[in-house]
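Which chain is which? The protein sequence lines are A and B, in order.
The opening residue of the first sequence carries number 1 in full-length UniProt numbering; numbering runs sequentially from there.
The opening residue of the second sequence carries number 1 in full-length UniProt numbering; numbering runs sequentially from there.
Note that these hints are calculated values from the structure, not bench results.
Keep in mind that this is a model prediction, so the values were computed, not measured.
Check each hint, because a few of them may be wrong.
Said to hold, decoys possible - Lysine-lysine pairs mimicking DSS-like chemistry, simulated, CA-CA at most 30 Å apart:
(1) A:K455 - B:K223
(2) B:K20 - B:K297
(3) B:K134 - A:K455
(4) A:K375 - B:K117
(5) B:K117 - A:K455
(6) B:K17 - A:K171
(7) A:K455 - B:K227
What the hints assert, rightly or not - So these bits of chain A aren't anywhere near chain B, every CB distance computed over 12 Å:
(8) T142
(9) A152
(10) V158
(11) Q271
C-beta: ideal position from N, C-alpha, C; glycine also.
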Amino acid sequence: MLDFPRWKTISISIILLLGVLFSIPSFLPEKTFNSLPSFMQAKVNLGLDLAGGSHLLLEADIDDLRTTQLTSMEKTVRAAMNGERGPDDDIAIGELSTDGGRISFLVRNQAQLDDARDRLFSQTQGAALTGQRDWNIDIVDTTRIVMTPTSAGQTQAVADAMDSARDIIDKRVNALGTREPTIIRQGNDRVVVQVPGLQDPAALKELIGKTARLEFRMVDPNADPAEAAAGRVPVGSEIVPYAEGEGSGATFEVLRRQVMISGEQLINARQSYDPQSNEPVVSISFDSGGSSTFAKVTAQNVGKRFAMVLDGKVLSAPSINEPILGGSAQISGSFTVASANALAISLRSGALPVKMAVVEERTVTPELGADSIRKGAIAGIIATVAVLVFMIIVYGRFGIYANIALMFNIALIIAIMAAFNATLTLPGIAGFVLTIGAAVDANVLINERIREELKRGRRVFQAIDVGYSEASRAIFDANITNVIAAGLMFWFGSGPIKGFAVVLTIGIITSVFTAVTVTRMFAAGWLRNSRPTSLNI
Amino acid sequence: MRLLKLVPDDTNIQFLKWRKLAMVISILMIVASIALVAARGLNLGVDFVGGQSVRVEFPQAMPPIDEIRSKVATIGLGEATIQQFGSDKAVSIRTALPEGDKAAADRAGAQLLAGIKTAFPTATTGSVETVSGKVSEELLQTGALSLLLAMVAISIYIWIRFEWQFGAGALFALFHDVALTFGFFALTQMQFDLNIVAALLTIIGYSLNDTIVVFDRIRENLKKYRKMEIIPLLDLSLNETLARTVMTSFTMLIALGVLLWVGPDVIFGFTAAMLLGIFIGTYSSIYMSAPILVWLKVGPDSFVPRTTAGMAGGERVERKDDGAVV
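Whenever a hint applies, use it, and build me the whole structure from the sequences.
This is how it looks when you write it as structure tokens:
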């Protein structure tokens with residue numbers, strides 16, 4: 001046990017030196033840190049509860065996604081039935097319904113049934129690598145085509161939507177200009193957004209909570225307001241409510257179902273001011289396809305009204321005074337500069353493929369975080385010093401060995417956390433303090449065992465030898481159970497608890513190394529050099 | 001230099017003499033804890049019941065809790081739970097979230113913050129936590145699951161490393177520790193949140209740490225003193241490890257005591273739970289895990305079956321003793 005070949009001493013010393021070296025950057029101020037060589041630029045991250053910032057958990061509205069999916073398939077069906085080679089090529093259909101999550105329609109001419117199905121086959125594809133199609137196409141009663149989304153197709157659709165939702169949220173959050181936001185998918189239908197150092201989460205929520213599905217649609221001029229109030233509208237139109245605070249008295253508009261132009265055809269959006277009223281507005285410009293459609297429609301409908309619809313709510317419904325030819329427009333509503341800016345960012349980054357709702361929010365102000373760090377550091381230092389003094393009083397020389405090992409242990413934990421870019425959270429600081437206790441425990445076990453063996457009349461060398469080997473077994477078993485507990489915390493825990501588990505796990509591993517191996521090296525060196533005949537422990 | 005000894009040499013305390021009394025007390029404590037949790041309930045934080053919680057900090061000593069409560073009641077978000085932290089300058093104000101759509105929940109958040117701002121103009125809000133009903137249900141489930149899994153996984157590990165009796169003893173001791181900690185939270189009505197689950201998992205780990213050190217010594221002595229009666233043997237093992245148990249508990253108490261005293265008040269409950277856990281965990285390793293071994297009839301044969309390997313085991317022990325003397 002106490003035989004330490006030179007290579008072992010050297011490799012242990014190298015590990016300890018590296019530990020100290022790589023723990024240093026985490027204590028340096030930002031400016032000094034940045035001037036370090038790049039391989040040294042790894043430091044412990046501070047969790048949101050220490051650095052301050054916002055943690056948001058967003059959940060997708062899967063029902064909304066299904067509806068969108070169905071609507072877009074309906075469009076695809078209608079487009080596919082309009083043949084490419086002019087009116088002769090059209091397939092007449094009717095009684096299209098989307099009830100029960102399925103698309104069902106009648107093919108008027110039975111002879112075209114197979115042709116219709118073939119056209120739909122080319123519009124529906126396999127769902128990823130499952131080998132299944134994303135829609136099943138069945139013929140019912142020899143006249144109807146029924147399309148049902150497959151479960152593989154739906155799973156794939158959710159996964160695709162979540163990937164693109166993550167990217168869009170990423171764009172939006174980055175547009176805020178905050179430092180190092182984290183945006184990751186979690187589980188099937190969730191996205192975690194963490195933005196450190198943010199003071200006002202309201203703006204963030206405003207920004208990422210908006211689906212930003214923008215549509216320009218014509219107001220139905222034939223709709224009778226009284227009839228519409230009773231819920232009856234002309235065929236091809238629907239009632240769309242005004243957004244909160246808009247419409248100056250009116251609560252809804254009757255709009256044509258057909259979308260004249262949509263947010264996908266935007267190339268730019270930015271906050272600006274209305275030249276007449278000086279109110280904040282969002283200026284948008286369309287791509288070439290959008291511009292020509294917009295020009296054509298506005299030219300045909302001078303004197304009528306169109307509506308700007310955002311996320312299913314009407315923002316405003318201005319009259320078309322003259323054809324709008326430049327391919328740009330202004331979205332007006334009761335905006336503040338901040339909300340207009342948020343909308344512009346949302347429009348630029350594209351519409352979310354699915355509605356997202358905030359289901360969990362945790363925000364800590366940077367001041368509270370700084371206060372926690374300060375108090376945690378003070379507590380850590382006092383606790384460490386108290387334990388160090390106590391160990392010397394109780395174990396003398398071996399207490400000093402344990403103390404040196406403890407200091408190395410702290411350096412190693414920080415170095416490893418920095419290397420893995422791990423996050424230190426507030427419970428993590430508690431984990432740190434606890435690790436100090438646990439590291440000391442290993443030395444307590446060893447030293448008590450040495451005391452016992454000395455009492456039994458063993459000579460110094462043997463007492464130390466047996467003390468280490470007998471205590472190691474209990475230390476190992478005891479620490480495995482701690483690793484099990486920490487592992488479960490990491491697996492199940494969220495944010496701060498994960499941070500605690502990380503510190504605990506790293507601490508357990510390093511403390512076994514420092515408290516057992518490193519102190520044994522010191523003890524072996526002492527035995528070799530001074531060949532003691534008695535030991536005060 | 002004379003070194004300090006917390007525990008005198010060669011103690012011979014007959015711990016096991018009190019095992020029946022200790023067991024009765026422990027079982028009563030467990031029952032009382034369960035009854036407390038059932039009667040008073042736990043003061044569950046937003047992590048587990050959903051809702052919103054705002055930490056409000058006052059520049060000077062804060063107004064009386066009742067005044068805060070009545071002012072918050074006028075905001076119109078139903079009854080609020082006011083919880084004081086370790087300091088006298090900060091409270092957490094908790095309200096439920098309105099049922100239904102997310103817009104209503106968002107508005108409630110803004111409403112609470114604005115309401116607090118008008119009621120206490122000098123106060124600042126340090127942190128905001130909002131957890132929806134669905135997420136809080138999931139957190140509650142995973143929290144409970146992780147506690148159960150930790151207890152079972154660790155007991156299985158001990159069963160594998162030792163014997164089934166030891167696993168059962170450890171499981172019972174763990175159940176005792178967890179139940180009493182729950183009882184403590186029901187009694188004090190301190191907020192029970194995700195952090196406390198982490199503290200409980202740590203207590204489980206720590207208590208086990210202690211139990212294992214004792215078990216390890218029992219196993220060693222069972223092999224060494226094959227003729228000794230089980231009760232004196234357990235007493236001997238407990239006495240031999242007593243110095244270590246006291247030393248470790250004492251250093252942990254120093255570290256956690258400092259953390260409780262000057263540490264961040266945000267983790268006051270977390271630290272308090274762990275401090276309590278150190279006491280309970282130390283007690284349970286001595287008075288819960290060891291006596292159970294008597295009742296489950298652990299003996300020298302538990303590790304070295306008498307019939308086949310008995311002689312080999314005896315030889316091994318002897319050789320070890322020789323080796324030590326040379």
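Hint check results:
1. This hinted pair checks out: K455 of chain A and K223 of chain B have alpha carbons roughly 21 Å apart, not beyond 30 Å.
2. A C-alpha spacing of about 15 Å is found between K20 of chain B and K297 of chain B, which places the hinted pair at or below 30 Å, so the restraint holds.
3. Straight-line distance between C-alpha atoms of K134 of chain B and K455 of chain A comes to about 61 Å, which puts the hinted pair past the 30 Å bound.
4. Of the pairs offered as hints, the one joining K375 of chain A and K117 of chain B holds, with about 27 Å between alpha carbons and a cut-off of 30 Å not exceeded.
5. At roughly 68 Å between alpha-carbon atoms, K117 of chain B and K455 of chain A are farther apart than 30 Å, so this suggested pair is violated.
6. With a C-alpha separation of about 70 Å, the suggested pairing of K17 of chain B with K171 of chain A is violated against the 30 Å cut-off.
7. Of the pairs offered as hints, the one joining K455 of chain A and K227 of chain B holds, with about 23 Å between alpha carbons and a cut-off of 30 Å not exceeded.
8. Every CB of chain B lies more than 12 Å from the CB of T142 of chain A, the least distance being 45 Å, so the non-interface label holds.
9. Residue-level check passed: A152 of chain A sits 26 Å from the nearest beta carbon of chain B, beyond 12 Å.
10. Every Cβ of chain B is farther than 12 Å from the Cβ of V158 of chain A; the closest lies at roughly 17 Å, confirming the non-interface assignment.
11. Chain B leaves Q271 of chain A outside its interface by the beta-carbon criterion, the shortest separation being 22 Å against a cut-off of 12 Å.
When each numbered hint is compared with the structure, violations occur for hints 3, 5 and 6.
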